[in-house]
Every structure is written in C-alpha cells, then in structure tokens.
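Residue numbers (our numbering), protein chains in the order written: chain A, 20 to 266; chain B, 44 to 304.
Any given hint could be a false lead.
Stated by the list, open to error - Here are the simulated lysine to any residue pairs, SDA-like style, with alpha carbons at most 20 Å apart:
no.: 1; chain 1: B; residue 1: LYS298; chain 2: A; residue 2: CYS202
no.: 2; chain 1: A; residue 1: LYS150; chain 2: B; residue 2: GLN66
no.: 3; chain 1: B; residue 1: LYS298; chain 2: A; residue 2: LYS230
no.: 4; chain 1: B; residue 1: LYS298; chain 2: A; residue 2: LEU76
no.: 5; chain 1: B; residue 1: LYS214; chain 2: A; residue 2: GLN105
no.: 6; chain 1: A; residue 1: LYS230; chain 2: A; residue 2: GLN104
no.: 7; chain 1: B; residue 1: LYS298; chain 2: A; residue 2: ARG78
no.: 8; chain 1: B; residue 1: LYS242; chain 2: B; residue 2: PHE232
As the list claims (entries may be wrong) - To give an idea of the interface, some chain B residues facing chain A are shown, with a C-beta separation under 7 Å as derived from the structure:
no.: 9; residue: ILE48
no.: 10; residue: SER51
no.: 11; residue: ALA52
no.: 12; residue: ARG63
no.: 13; residue: GLY138
no.: 14; residue: SER146
no.: 15; residue: PRO151
no.: 16; residue: ALA220
no.: 17; residue: ALA292
no.: 18; residue: ILE294
no.: 19; residue: SER296
no.: 20; residue: LYS298
no.: 21; residue: SER300
Since the hints were derived computationally from the structure, they do not count as laboratory data. Being a predicted model, the structure only gives us computed values, none of them experimental. Don't be surprised by glycine CBs; every beta carbon is placed ideally from N, CA and C.
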Amino acid sequence: MTDAVLKVFDVEFSYAKRKALCGASLELLPGKVTMLLGPNGAGKSTLFGLLTGLLDLQRGEIHFEARSLQESRASLLLQLGVVFQQSTLDLDLTVEQNLRYHAALRGMSSAEAGNRIREELERFALIEQAKDSVRSLNGGHRRRVELARALLHRPKVLLLDEPTVGLDAHTRQRLAETVRQRCVDSDVAVLWATHLMDEIEDEDQIYLLHKGSIEFSGKAAELKQHAGTDTLVSAFNKLTQFEEVRV
Amino acid sequence: MNLRIATSAFNGILVREFLRFVQQRSRFLSALVRPLLWLLVFAAGFRAALGIAIIEPYETYITYEVYIAPGLCCMILLFNGMQGSLAMVYDREMGSMKVLLVSPLPRPFLLVAKMTATSLISLVQVYAFLIIALAVDVTPPLLGYLTVLPALFLVALLLSAIGLFLSTQIKQLENFAGVMNFVIFPMFFLSSALYPLWKMQESSELLYWICLFNPFTHAVELVRHALYASLNLEALGWTLVALAVALSAGILSFKPSRAAG
Numbered sequence: 020m021t022d023a024v025l026k027v028f029d030v031e032f033s034y035a036k037r038k039a040l041c042g043a044s045l046e047l048l049p050g051k052v053t054m055l056l057g058p059n060g061a062g063k064s065t066l067f068g069l070l071t072g073l074l075d076l077q078r079g080e081i082h083f084e085a086r087s088l089q090e091s092r093a094s095l096l097l098q099l100g101v102v103f104q105q106s107t108l109d110l111d112l113t114v115e116q117n118l119r120y121h122a123a124l125r126g127m128s129s130a131e132a133g134n135r136i137r138e139e140l141e142r143f144a145l146i147e148q149a150k151d152s153v154r155s156l157n158g159g160h161r162r163r164v165e166l167a168r169a170l171l172h173r174p175k176v177l178l179l180d181e182p183t184v185g186l187d188a189h190t191r192q193r194l195a196e197t198v199r200q201r202c203v204d205s206d207v208a209v210l211w212a213t214h215l216m217d218e219i220e221d222e223d224q225i226y227l228l229h230k231g232s233i234e235f236s237g238k239a240a241e242l243k244q245h246a247g248t249d250t251l252v253s254a255f256n257k258l259t260q261f262e263e264v265r266v
Numbered sequence: 044m045n046l047r048i049a050t051s052a053f054n055g056i057l058v059r060e061f062l063r064f065v066q067q068r069s070r071f072l073s074a075l076v077r078p079l080l081w082l083l084v085f086a087a088g089f090r091a092a093l094g095i096a097i098i099e100p101y102e103t104y105i106t107y108e109v110y111i112a113p114g115l116c117c118m119i120l121l122f123n124g125m126q127g128s129l130a131m132v133y134d135r136e137m138g139s140m141k142v143l144l145v146s147p148l149p150r151p152f153l154l155v156a157k158m159t160a161t162s163l164i165s166l167v168q169v170y171a172f173l174i175i176a177l178a179v180d181v182t183p184p185l186l187g188y189l190t191v192l193p194a195l196f197l198v199a200l201l202l203s204a205i206g207l208f209l210s211t212q213i214k215q216l217e218n219f220a221g222v223m224n225f226v227i228f229p230m231f232f233l234s235s236a237l238y239p240l241w242k243m244q245e246s247s248e249l250l251y252w253i254c255l256f257n258p259f260t261h262a263v264e265l266v267r268h269a270l271y272a273s274l275n276l277e278a279l280g281w282t283l284v285a286l287a288v289a290l291s292a293g294i295l296s297f298k299p300s301r302a303a304g
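Please construct the entire structure, taking both the sequences and the accompanying hints into account.
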C-alpha cells in the first residue's frame, strides 16, 4: 500500500473560546483525490490554515513525508499548491506576471518559469489571456489561473478550498476533470474541500467534517450506507443535521 | 534558509512592487507633487519670514528651499512608507498576502524583502524630486547625490518598518485615514524638516523635546548631512536604533493568522 504523503493526527484548534477543530485526523495519498466535505463553519478553512502554516498548530500533529510540520515547514510549503476559497490573485498584474511572481517565490529560474508557465497556460486554455490583467478576467478564468498557479511548481500536495464556488456547471466540470487528470498523471495528493456532492466520484476518499470533528471517513458508497440513505446529498444532510428545504 | 530560493523570492517581490508602481502612475505623480508644492509654494512664502542662520552641514547662508529639501526627500519616504502600510492591509484584505506567506521562506525574511523592495522604489521618487529641485537652486555637491543614497535607503527602511507595524494594528482599510492624522502629520511637523530645532526651542521648550525624540528628526538630519557629503553620527545612531525597534515591533506583531480568514 502507498504511504500517505501528508498525515494529520488529532488536530485541535480554537479561536479564542470557539473550538474550530476538535481532534481531526486524515491522510492524503499520492495520485488520489481526497474530498473534505462539510457545511459552512465545519472547520475546513481552519484545517487549510493549519496545513499552509497560516495558523499555528495548538494540539495534534501534522506530518509531511514522515516528518513533523515543525521540521518540514519549508519543504512542505515548497511541495504545496494551494487554491484558497477567496481569490488571492493580484488584480493589477497580468496573468503571466502573477504566475512569474509565484514561480520566483518558489525559487524557479526565469527560463524554467517561462517554460512551465507556457505549459500550464496551454493546459488550462489560458494562452490568449496571458498578457491580460487579472482584473479583466471573468470568475471562471480567474479560477483557472489560480489552479495553473497552484500546479506551476509541480507540487506533491494540492489543497483546494472550495475552488469551484460561484462557477457555472460546465466550468466546474472542466476544472474538476483537469485536476483529476493532473492528480493521476503527476501523482499529486489532492485535498478538495467542498460541499457540492456532484464533485465527488465513487473512488474518492471522503472525510466528512462537522463541527470540527471527522464524522465519517470512507468511500461514497460507504457514506450512503453509513447514513442509511440513497444519495450523497441526503447522507450529507442527515449526518450534518442539515434541514432540506422543499419548495 | 535556501539562498537560491531567497534570492529568487526577493527578485520576485521587487519586480512585483515595481510593476505595481509603474502601473499606478498617479501614485508616482502625487508622490512628487506633494513635496514640490511645499518646495515651490510654501517655501517661497516662508523664505522672507524665516531666516536660516549658518548651521551644519551648510557652509554659508542658505535659502529656505535649500533648508527644507532634505525634509521633503524624507516626506516622500514617509508617505511611501505609509503607502506600503496601506498596501499591506489591502493585500491582507484582498487575499494576495497569502501568496507571500505560503512561500517556503521564513516570515521575517519575506517581510524584510517586501520592505526593502518598497524602499528601493521610493528612492527613484526621491531622485526625481532632487532633479526637479535643481530648478530652484537646490544644488548639493555632485558627491552628495551618491553619499545620500545609503542614508535615504536607511530612512526608507525605517519608515517602511513603522508602516509594517502600523499595518498590524489597522484592522480595516477604512481605518487608514487615522494614520494620516495621527502618524504622518505629527511625525513631519514635529521634526526638523521645516524649521531648525533651535527655532522650535525659541517658541516652545516642550515641542523642542518632542521633536528631539521624534525619529523622523534624526532621519531628516541624517539625509541633510549625507546630501552634503558629511556624516552625522548621532543621527545615524538614532536612525539605526529606531529601525531596530520598529522592525522588531513590526515583525513580532505581524500575525499571519489575520491573512488566513
């Protein structure tokens, strides 16, 4: 069996008196997509904050390639691609300038950055937008730029925090296909936070986060079985006590 | 820390700041118009009212324009430092700060690199001002243009560090107006930028002492001497101490978690 590239053990985190994570554990395997499900406020973004080092670990452990985060912070960040829920592109720069900035922060030479930028822009069908200011792009294009940027340095781990929010169904599907293809081709471990059930595929490992705790981990079929429902949406609603609104 | 990545990251940060600077031409113009107004309008009015005795580093009587030129150079750096603070808050609110913070380098290095980049860009504006100031007979020795460079850089770093500290204390962009009223104006007016300290002492002993403890006073004096190819060791010492304090306060009070939301 393949070893996990990233392991999270029993992690806890509180904002003042409010507990955001209470003993969450999960692991990411190379070449696999792991879906992190949870309603708003479940603790998904807090977990991302811990994995990216924006938040300091209060309890528990995070291991990257069998080394603790404290020992391996720089190597983890070097091998990490992230798409945050909120856009983090510099609106005043062009698409290419944004990617070059990211490449420089990862220590890529100008020539290497140029080659990889061209590759990623081609892959995400953004070549024509390379010289456009990000401000002039629509939401779908901006998300593609963020994904291209997250993959530019060929990371071993890709963190996606609700990357398709606000996009139309067609764009969402295309983005998902690209990410999944890249995950397999480059052996990237993907952690994909979402509350959109149609983004889940049967073979995905699922972690259901609710009120800071992992309520369930397993495959989609097991989740339905665990909740005693026919669909993933119903299972999600049942386990997170979400009231379905019938119109 | 990996030196290759650090060098590349610094270059990336510098290029980004430069690109943002050239794309915001109005910022460059306003940075120049402000001190030029002081030099061409305010100084013209005050020239008659305010006599300047021979003081170091000047070797003879000088016009008021010559006196305030170093203070106005520092004014450009002061506004740029605060502009940097505003940019930090903006980057944090807009999310682009995260890109910097999740790069594989120590945070103090990233913050110092960002401050250094904005400081270097400020220098371009100061030299543009000094060239225009030649038109009103502000003509320091040629060597002065060279010797003032490290002094200007040091002062720019100090003011950027103060800007960094302020950015950690400002919760929202809307609160930035307070910085104008409570930081920029008091720092500038309670210094030797517009009048020699002995003049201030004649008017108010209390204000004189406040000016003396204002790091901006020593920054202005450092630049004033450097522009005339002399070194004011006391001003250098004060500026270095102020830089160390502001930098430590800025780095220690910087909370990456505020960029995480």
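So, going through the hints one by one against the coordinates:
| no. | hint | in the structure |
| --- | --- | --- |
| 1 | B:LYS298 - A:CYS202 | violated (33 Å) |
| 2 | A:LYS150 - B:GLN66 | holds (14 Å) |
| 3 | B:LYS298 - A:LYS230 | violated (25 Å) |
| 4 | B:LYS298 - A:LEU76 | holds (14 Å) |
| 5 | B:LYS214 - A:GLN105 | holds (18 Å) |
| 6 | A:LYS230 - A:GLN104 | holds (19 Å) |
| 7 | B:LYS298 - A:ARG78 | holds (19 Å) |
| 8 | B:LYS242 - B:PHE232 | holds (13 Å) |
| 9 | ILE48 | holds (3 Å) |
| 10 | SER51 | holds (5 Å) |
| 11 | ALA52 | holds (5 Å) |
| 12 | ARG63 | holds (6 Å) |
| 13 | GLY138 | holds (4 Å) |
| 14 | SER146 | holds (4 Å) |
| 15 | PRO151 | violated (14 Å) |
| 16 | ALA220 | violated (22 Å) |
| 17 | ALA292 | violated (20 Å) |
| 18 | ILE294 | violated (16 Å) |
| 19 | SER296 | violated (15 Å) |
| 20 | LYS298 | violated (10 Å) |
| 21 | SER300 | holds (5 Å) |
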